[in-house]
Amino acid sequence: MLRVSEVVKTFYPGTPNEVRSLRGVSFTMEPGSFTNVIGTNGSGKSTMLNAVAGVFLVDSGRVELAGDDITGWTEHQRARRIGRVFQNPFSGSAPTMTVAENLALAARRGMSRGLGWSLSTTLRGQIAERLRSLKMGLEDRLDNPIGNLSGGQRQAITLLMATWHKPDLLLLDEHTAALDPRSADQVIRLTHEIVAQDRLTTLMVTHSMQQAVHLGDRILMMHKGEFVADLSGSQKARLRPEDLLSRFDELRRRDQLTPAVGDMLEKLYV
Amino acid sequence: MLLLISALNFGLVFALLGLGVYISFRIFHFADITADGSFALGGAATTAMLISGWSPLLSTLGGFLAGMLAGSSTGILHTTFKIHGLLSGILVTTALYSINLRVLGRSNVSLTDSPTLSKSWAELSKICFGDQQRHNLFGWMVGAQDLANLLFLTILVVFLGIGLFAFLKTNLGAAMRAAGDNAQMIRALGASDKVLLIFGLALANGLIALSGSLLAQCQEFADVQMGIGMVVWGLASVIIGESLVGSSRFGVLIAGTVIGSILFRMMIAIALRCGLNPNDLKLITAVFVFLALVAPRWLKALKLKFNSDAVGEADHAQGL
Numbered sequence: 006m007l008r009v010s011e012v013v014k015t016f017y018p019g020t021p022n023e024v025r026s027l028r029g030v031s032f033t034m035e036p037g038s039f040t041n042v043i044g045t046n047g048s049g050k051s052t053m054l055n056a057v058a059g060v061f062l063v064d065s066g067r068v069e070l071a072g073d074d075i076t077g078w079t080e081h082q083r084a085r086r087i088g089r090v091f092q093n094p095f096s097g098s099a100p101t102m103t104v105a106e107n108l109a110l111a112a113r114r115g116m117s118r119g120l121g122w123s124l125s126t127t128l129r130g131q132i133a134e135r136l137r138s139l140k141m142g143l144e145d146r147l148d149n150p151i152g153n154l155s156g157g158q159r160q161a162i163t164l165l166m167a168t169w170h171k172p173d174l175l176l177l178d179e180h181t182a183a184l185d186p187r188s189a190d191q192v193i194r195l196t197h198e199i200v201a202q203d204r205l206t207t208l209m210v211t212h213s214m215q216q217a218v219h220l221g222d223r224i225l226m227m228h229k230g231e232f233v234a235d236l237s238g239s240q241k242a243r244l245r246p247e248d249l250l251s252r253f254d255e256l257r258r259r260d261q262l263t264p265a266v267g268d269m270l271e272k273l274y275v
Numbered sequence: 003m004l005l006l007i008s009a010l011n012f013g014l015v016f017a018l019l020g021l022g023v024y025i026s027f028r029i030f031h032f033a034d035i036t037a038d039g040s041f042a043l044g045g046a047a048t049t050a051m052l053i054s055g056w057s058p059l060l061s062t063l064g065g066f067l068a069g070m071l072a073g074s075s076t077g078i079l080h081t082t083f084k085i086h087g088l089l090s091g092i093l094v095t096t097a098l099y100s101i102n103l104r105v106l107g108r109s110n111v112s113l114t115d116s117p118t119l120s121k122s123w124a125e126l127s128k129i130c131f132g133d134q135q136r137h138n139l140f141g142w143m144v145g146a147q148d149l150a151n152l153l154f155l156t157i158l159v160v161f162l163g164i165g166l167f168a169f170l171k172t173n174l175g176a177a178m179r180a181a182g183d184n185a186q187m188i189r190a191l192g193a194s195d196k197v198l199l200i201f202g203l204a205l206a207n208g209l210i211a212l213s214g215s216l217l218a219q220c221q222e223f224a225d226v227q228m229g230i231g232m233v234v235w236g237l238a239s240v241i242i243g244e245s246l247v248g249s250s251r252f253g254v255l256i257a258g259t260v261i262g263s264i265l266f267r268m269m270i271a272i273a274l275r276c277g278l279n280p281n282d283l284k285l286i287t288a289v290f291v292f293l294a295l296v297a298p299r300w301l302k303a304l305k306l307k308f309n310s311d312a313v314g315e316a317d318h319a320q321g322l
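Respectively, the protein sequence lines represent chains A and B.
If you read the first sequence in my numbering, its first letter stands for residue 6, the second for the next number, and so on.
If you read the second sequence in my numbering, its first letter stands for residue 3, the second for the next number, and so on.
Please note: incorrect hints may appear among the correct ones.
Said to hold, decoys possible - Computed beta-carbon distance windows for the label pairs:
#1 B:289 - A:13: 49 to 59 Å
#2 A:11 - B:249: 53 to 63 Å
#3 B:288 - A:72: 51 to 61 Å
#4 B:54 - A:129: 26 to 36 Å
#5 B:289 - A:128: 41 to 51 Å
#6 B:301 - A:241: 51 to 61 Å
#7 B:89 - A:25: 28 to 38 Å
#8 B:276 - A:115: 30 to 40 Å
#9 B:296 - A:129: 37 to 47 Å
#10 B:304 - A:204: 57 to 67 Å
#11 A:79 - B:288: 52 to 62 Å
#12 B:246 - A:138: 33 to 43 Å
#13 B:294 - A:130: 36 to 46 Å
To be verified - These stretches of chain B come out as covered by chain A in the derived footprint (C-beta under 8 Å, 3 or more residues):
#14 98 to 109
#15 276 to 288
Stated by the list, open to error - The calculated lysine to any residue pairs, modelled on SDA-like cross-linking and capped at a C-alpha distance of 25 Å, are:
#16 B:196 - A:79
#17 B:196 - A:95
#18 B:171 - B:261
#19 B:171 - A:197
#20 B:196 - A:78
#21 B:84 - A:171
#22 B:302 - B:27
#23 B:171 - A:258
#24 A:171 - B:185
#25 B:171 - A:146
#26 B:196 - A:197
#27 A:171 - A:197
None of these hints come from the bench; they were simulated from the model.
In this text, a Cβ means the ideal position worked out from N, Cα and C, and glycines have one as well.
With the hints as extra help, turn the sequences into a complete structure.
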């Protein structure tokens, strides 16, 4: 279970470049649930994901994972229990190392890294088997440097690495945004399969309304560092991509007015 | 022949320097100039220990450990205190100059009257091959000490090269390679890229210090200046090795670095024999490394230009 309470993060505080990225964000995720976060550029959705991953420490608020307060944990400490797939397909793997070596590194997540061989015959077998389940023919390329693979192939392998040991939380940061449409579909299909199979608690940031509507059981909508909508259950089931787009348009229209006028209109008409 | 044997021996001693530079420059992509300081530190620490009566084996180990300490200092300056990598190395090297003077007591110390590793293995080979001043090696007469050095340095370098290769295949070694390749990735897999870098630099400078320790023992003196220019010499071995083997697999590159170091020493020995002024050696090495670094890019640009010219001419010939 993930619980984020009143998390605040301001970048460059006290300077003209001050950005209030997260203004007291709170939400809770039940084990095995799949939540999508959507929002415009600069709404703070990736910042929120990074706050959970521990890329930076938050100014105030708490982050709890599976009963532990992880607010003060560093990125690599949290990574022992959190799997991540990045937007950039090149971020999740070591390019000069082979496919098998990369997966062997993931197989040691949360364990000590001592002087045992990193790639035993048994592990190699397991790696080949798991790669076969992706149905992308990658089991024949175990000894190729991963840098020779396409973005889609690398992203599929990163997904496998992030979920090799069932993580307490899987973070997906627009992980199909940099892929061509066909690879994106393939990676989304794999995401769906793996998450469903292991009942992973998953938090996905996306700017594809299609993905947000079709995947997962809840949508959180972010705007200017705050959640402006929380849709789940039957509300989410009825949702169409166009509905989300019209909500964004609404937000955009309100932004064009000054906050005071916005408030006044809201009181009058809502 | 004597010239070649001694060049071979120097090449083997400096091969360990090359392996250290390979770890920091090629595995971690970290321009670690601590090498200049830790090379001399290895020589100084071993010499001081030998003079105060420690056994050659322990003194050599002491040199290695001192180098590891220097390397981890650079690593900690860079990771914990967020000082630029190059500057961290410069700071540690500058500090080491004073430390080396303290360790040695004065700017150079002779080991002629002390036991050394190379004297020990000369004794050992005397027992094995008989007490002769000169041995017949494939028809050449070679001094007993030179031959003993050659034999034991070869064993040591091969042993350490295979050891490094095996280490990079372990969980820890693989994590180190990943940290150098993509730090974000290894962090996301639950390992601290900072700790891995510190450890990597410690290992690299340990090997470099070991190289300095062996050099001091083979030439029977240590000098606080002996480390100057070592980064570039190590880099030269790595680059020659890379262009020789033409592979990106680290096992082949380790072997390439050792061969590169030997070849580089041979080239220097020949150049000196042909009348090169020893004072010009470092200038020439620097120019050589510069050329080796930029030549691949120039050749590529030249090739592209040639190809586009060829295409242009072909188009022209077709009347386009």
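Straight-line alpha-carbon gap residue 196 of chain B to residue 95 of chain A, limit 25 Å: holds, 20 Å
Cβ distance range 53 to 63 Å for residue 11 of chain A and residue 249 of chain B, holds or violated: holds, 54 Å
Holds or violated: residue 196 of chain B to residue 78 of chain A, with C-alpha atoms at most 25 Å apart: Holds: residue 196 of chain B and residue 78 of chain A sit about 15 Å apart, inside 25 Å.
Residue 196 of chain B paired with residue 79 of chain A [C-alpha distance capped at 25 Å]: With a Cα-Cα distance of about 12 Å, the restraint between residue 196 of chain B and residue 79 of chain A holds, given a limit of 25 Å.
Satisfaction of the hinted span 33 to 43 Å by the C-beta atoms belonging to residue 246 of chain B and residue 138 of chain A: holds, 42 Å
Range hint 49 to 59 Å (beta carbons of residue 289 of chain B and residue 13 of chain A) holds or violated: holds, 56 Å
Pair hint outcome, residue 171 of chain B versus residue 261 of chain B [Cα-Cα no greater than 25 Å]: holds, 21 Å
Residue 130 of chain A and residue 294 of chain B - C-beta distance against the hinted 36 to 46 Å: Roughly 42 Å apart at Cβ, these two residues keep to the hinted range, so it holds.
Pair hint residue 302 of chain B and residue 27 of chain B, alpha-carbon separation not exceeding 25 Å: holds, 23 Å
Supplied distance hint 51 to 61 Å, evaluated on CB atoms of residue 301 of chain B and residue 241 of chain A: Roughly 59 Å apart at Cβ, these two residues keep to the hinted range, so it holds.
Outcome for the supplied range 26 to 36 Å, where the beta carbon pair is residue 54 of chain B and residue 129 of chain A: violated, 51 Å
Distance restraint between residue 171 of chain B and residue 258 of chain A, which requires alpha-carbon spacing of 25 Å or less: violated, 58 Å
When each numbered hint is compared with the structure, violations occur for hints 4, 8, 11, 14, 15, 19, 21, 23, 26.
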